[in-house]
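K.L.:
So the chains spell out like this:
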Amino acid sequence: MPILILADHDNATLKPATAHAVTAAAKLGADIHLLVAGRNAAPAAEQAAKLAGVAKVLLADDAAYEHALAEPVAALLVSLAPGYSHVLAAATSVGKNVLPRVAALLDVAMISDITAVVSADSFERPIYAGNAIATVQSADAVKIVTVRTTAFEAAAATGGAPVESVAAVADPALSSFVSAELSKSERPELTSARIVISGGRGMQSGDNFHLLEAIADKLGAAVGASRAAVDAGFVPNDYQVGQTGKIVAPELYVAVGISGAIQHLAGMKDSKVIVAINKDEEAPIFQVADYGLVADLFKALPELQQAV
Amino acid sequence: MKILCAVKRVVDYNVKIRVKTDQSGVETSNVKFSMNPFDEIAVEEAVRLKEAGAATEIVVVSIGPAQAQETLRTALAMGADRAILVQTDVETQPLAVAKVLKALVEKEAPGMVILGKQAIDDDCNQTGQMLAALLGWGQGTFASKVVAADGKVAVTREIDGGLETVELKLPAVVTADLRLNEPRYASLPNIMKAKKKPLETITPDALGVDVTPRLKTVKVAEPAKRQAGIKVPDVATLVDKLKNEARVI
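Chain order of the listed sequences is L and P. Okay, so the first sequence: first residue is 1 according to our numbering, each after it adds one. Okay, so the second sequence: first residue is 1001 according to our numbering, each after it adds one.
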């Protein structure tokens, strides 16, 4: 039986996370169908059709799906699920919201945030903020799975699958979209950036984040933060890297004024190269850093900006 | 409006967990347990809604071993009115917990259920969404703001690119994210008072719910360890290493 993936998109563009979920699905060894549920979402569906390994894109175009509300999208997935062995989504805020609802409606267990596919019914997933890795096995007829995007490469955009329309199903009409306040930034998105530079409580204020931003702009990097910096009100929550924020695994992660609490390490320890700048040489962040610099960040950052 | 809150007893967030040598799970004997931090935020939100006059009674529920009574007493000390322990020593998986909560919702008829967005032990992030599905209710997950009025609730949600506000018909399920509030510390007089508040103990069987785990845990292993690297003396050396050794900039 084929595998169904719920695409994450904003109608105009497909989110990069979806390409990572396709790679996870490819390891299951069956045909992959991508569901694009949205309103005027043909552009996102066309991008989905280009992902290598996708056999077919299903486009459900209806006003009810415009904002990916969990209730109507879950109802749609439940109607499609009987034809599939697995229903997958990237573990984004959409996937995490919708898929448990689908699982409960189908009376099956769900497997969250997988980091490896062991077999068609067994998966590895982190527990305790990544301090242990559980291998879990499902005996359910349909496996409902979200995928940690940093654990799987993105599928290439070299394919060309057909796009097929599917009908909307009745909207349970339990919820409605009111508004969205999306952070506007010229910088790359945290979870897909090649370089991430993050600040912690050591930054002392939100204003001081401009020191990081200046370097980020030179490197084409995204700017993140520790939970401590978010809790202190320096930056908005969507900057947060960690167990309770975003999970990132860039080629280069630069942690500035971050002590390295377990909850932060859970969000960045799979980065390829980690740099830590901290004046406290005992800070736990140095235990995971490839390159550590014990220095006052207010001296080091301007120097770094000059040097890169 | 009555509010039902669900709380889980978990290994305290400050404990550095150890994987058992036989890979059957995580060592839980002789470690400190406390209320799942996200559930603490959920209880706090319910108490604030009651203080603001939007709620009349708070019922707090935990599904787990006898020791979860302590977790419930903590919630009572924070301001919940009464507690229900659904006692089981079986590993509680989200679908089973959602079914137990559904049975209790049918008995208690709350106008809203608030729970944490995820438990910090299994990191599933499923129970609230599953409960909403089983009840046929709307769901406001990852909430950073909750405003209830006129049979509706507006929930501002933490989403990947920022914030989103949705409006749900009541009754509905809300799951708490970090920034929803800062939970209070229970005062000593309130801890004393909490000891006298009602705490009922029942079993999943009495509710007609089968809590047998559906997912089998094959093994639990240590994650791959990262080795500490080197210390560099200055920024110039750091940039040189990044350019010529790691080749990442």
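Careful: at least some of the hints might be erroneous.
[Claimed, not checked] As a list, the in silico BS3-like pairs of lysine-lysine whose alpha-carbon atoms are at most 27 Å apart:
#1 Lys1107/P <-> Lys1193/P
#2 Lys1032/P <-> Lys1243/P
#3 Lys1152/P <-> Lys1102/P
#4 Lys272/L <-> Lys1243/P
#5 Lys1016/P <-> Lys269/L
#6 Lys218/L <-> Lys1231/P
#7 Lys1107/P <-> Lys269/L
#8 Lys1231/P <-> Lys272/L
#9 Lys27/L <-> Lys1196/P
#10 Lys1243/P <-> Lys299/L
#11 Lys1193/P <-> Lys279/L
#12 Lys1219/P <-> Lys218/L
#13 Lys272/L <-> Lys1016/P
#14 Lys1231/P <-> Lys269/L
#15 Lys27/L <-> Lys1016/P
#16 Lys299/L <-> Lys1152/P
#17 Lys1225/P <-> Lys279/L
#18 Lys272/L <-> Lys299/L
#19 Lys279/L <-> Lys1241/P
#20 Lys1152/P <-> Lys269/L
#21 Lys1016/P <-> Lys1216/P
[As the list claims (entries may be wrong)] Listing some non-contacts, in silico: residues in chain L with all C-beta distances to chain P over 12 Å:
#22 Ala49
#23 Val136
#24 Ser176
#25 Glu213
#26 Ala261
[To be verified] Beyond 10 Å from chain P on every Cβ pair, some chain L residues (computed):
#27 Pro2
#28 Leu58
#29 Asp62
#30 Ala81
#31 Pro100
#32 Asn131
#33 Ala132
#34 Ala214
#35 Asp238
#36 Lys246
#37 Ala249
#38 Asp280
#39 Ala289
To be clear, the hints were calculated from the coordinates, so they are not data collected in a lab. Because the structure is a prediction, the values reported are computed rather than measured. Note that beta-carbon positions come from the ideal geometry of N, C-alpha and C, so glycine has one too.
K.L.:
Taken at face value, is the distance from the CA of Lys1102/P to the CA of Lys1152/P at most 27 Å?
P.N.:
OK: Lys1152/P and Lys1102/P at ~20 Å, within 27 Å.
K.L.:
Holds or violated: Lys272/L with Lys1243/P, Cα cutoff 27 Å?
P.N.:
Distance of about 14 Å is within 27 Å: holds.
K.L.:
Confirm or reject the statement that Pro2/L sits farther than 10 Å, beta carbon to beta carbon, from all of chain P.
P.N.:
Holds: least Cβ distance 23 Å, greater than 10 Å.
K.L.:
Taking only the CA atoms, is the gap from Lys27/L to Lys1196/P under or equal to 27 Å?
P.N.:
Distance of about 56 Å is beyond 27 Å: violated.
K.L.:
Against chain P, does Lys246/L hold up as non-interface, every C-beta pair farther apart than 10 Å?
P.N.:
8 Å, violated
K.L.:
Holds or violated: Lys1219/P with Lys218/L, Cα cutoff 27 Å?
P.N.:
45 Å, violated
K.L.:
Report holds if the minimum CB distance from Leu58/L to chain P is greater than 10 Å, and violated otherwise.
P.N.:
With a cut-off of 10 Å, Leu58/L remains clear of chain P, as the shortest Cβ separation is near 22 Å.
K.L.:
Check the hint pairing Lys1225/P with Lys279/L against an upper bound of 27 Å on the C-alpha distance.
P.N.:
24 Å, holds
K.L.:
Within a Cα-Cα threshold of 27 Å, do Lys1243/P and Lys299/L meet the stated pairing?
P.N.:
21 Å, holds
K.L.:
Was Pro100/L rightly flagged as not at the interface, with every chain P Cβ beyond 10 Å?
P.N.:
About 4 Å separates Pro100/L from the closest Cβ of chain P, which leaves it inside 10 Å; violated.
K.L.:
Does Lys1032/P pair with Lys1243/P here, judged by a C-alpha cut-off of 27 Å?
P.N.:
Outside the cut-off at roughly 45 Å; violated.
K.L.:
Is it true that the CA of Lys1107/P sits at most 27 Å from the CA of Lys1193/P?
P.N.:
26 Å, holds
Consistency note: the structure conflicts with the earlier hints numbered 2, 7, 9, 11, 12, 15, 16, 20, 23, 24, 26, 31, 32, 33, 35, 36, 39.
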